[in-house]
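Q: Given next are the chains, with one letter for each unit.
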Amino acid sequence: SQQGEEDPQALSIQEGENATMNCSYKTSINNLQWYRQNSGRGLVHLILIRSNEREKHSGRLRVTLDTSKKSSSLLITASRAADTASYFCATDVYNTDKLIFGTGTRLQVFP
Amino acid sequence: GAVVSQHPSWVICKSGTSVKIECRSLDFQATTMFWYRQFPKQSLMLMATSNEGSKATYEQGVEKDKFLINHASLTLSTLTVTSAHPEDSSFYICSASPAAKNIQYFGAGTRLSVL
Numbered sequence: 001s002q003q004g005e006e007d008p009q010a011l012s013i014q015e016g017e018n019a020t021m022n023c024s025y026k027t028s029i030n031n032l033q034w035y036r037q038n039s040g041r042g043l044v045h046l047i048l049i050r051s052n053e054r055e056k057h058s059g060r061l062r063v064t065l066d067t068s069k070k071s072s073s074l075l076i077t078a079s080r081a082a083d084t085a086s087y088f089c090a091t092d093v094y095n096t097d098k099l100i101f102g103t104g105t106r107l108q109v110f111p
Numbered sequence: 001g002a003v004v005s006q007h008p009s010w011v012i013c014k015s016g017t018s019v020k021i022e023c024r025s026l027d028f029q030a031t032t033m034f035w036y037r038q039f040p041k042q043s044l045m046l047m048a049t050s051n052e053g054s055k056a057t058y059e060q061g062v063e064k065d066k067f068l069i070n071h072a073s074l075t076l077s078t079l080t081v082t083s084a085h086p087e088d089s090s091f092y093i094c095s096a097s098p099a100a101k102n103i104q105y106f107g108a109g110t111r112l113s114v115l
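Listed in order, the protein sequences are those of chains X and W. Numbering-wise (our numbering), the first sequence opens with residue 1 and increments by one. Numbering-wise (our numbering), the second sequence opens with residue 1 and increments by one.
Hint data in this document are derived by calculation from the structure and do not stem from the laboratory.
Below 27 angstroms or equal to it, Euclidean Cα-Cα: the simulated BS3-like pairs (lysine-lysine) are:
(1) W:K64 to X:K98
(2) W:K14 to W:K41
(3) W:K66 to X:K98
(4) W:K41 to X:K98
So here's chain X without its partners, still in its complex pose (with noise of 0.2 angstroms):
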């Protein structure tokens, strides 16, 4: 299979501090992101970042890539309950509009 591994699987913080997710894929890539899906709905988008980057940053969230160890990390600062969700890296399949999913963190954040 091609999917991405993500760990943790799932995450317990307390509100204030930060969460960190980690995912491993196993193809070459033009860009990588990051989606947010809560319990029982869709996806968002979050955050994408192309190969030949190795961090960006949209508000709280920051994503850095090591496109060498085919890995990305998300980190999210001052979590807050809302927060609360499942986080998917995606990757793209070469040569084609699909993305790849990793397994998923489950993220919990107590107020």
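Given chain X's structure and the hints, the job is docking chain W onto it.
A: Showing chain W alone in chain X's frame:
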């Protein structure tokens, strides 16, 4: 941002019946839409790529006669689960991507329960 509408959000049906799920891009045209299936606490598995005006491309292991996809216009794709059985119960999600963009915009999903 781009909006994708998926309908219905929840459907219960009897075994043997067919169910149609609609996916619409509301403010952009999508030549390509995607259909995913998601089991509880698991990731999304791509079922098929829906191409406007042509046949869908199914992923390995997905029965094309079971999951009929029609993409008749640039804003609408439908997934019909034919002769549904309890093992087809799942969360189905569609997505669409505006031209020349790598980002996919997702519908809210459809929870199918087959009794």
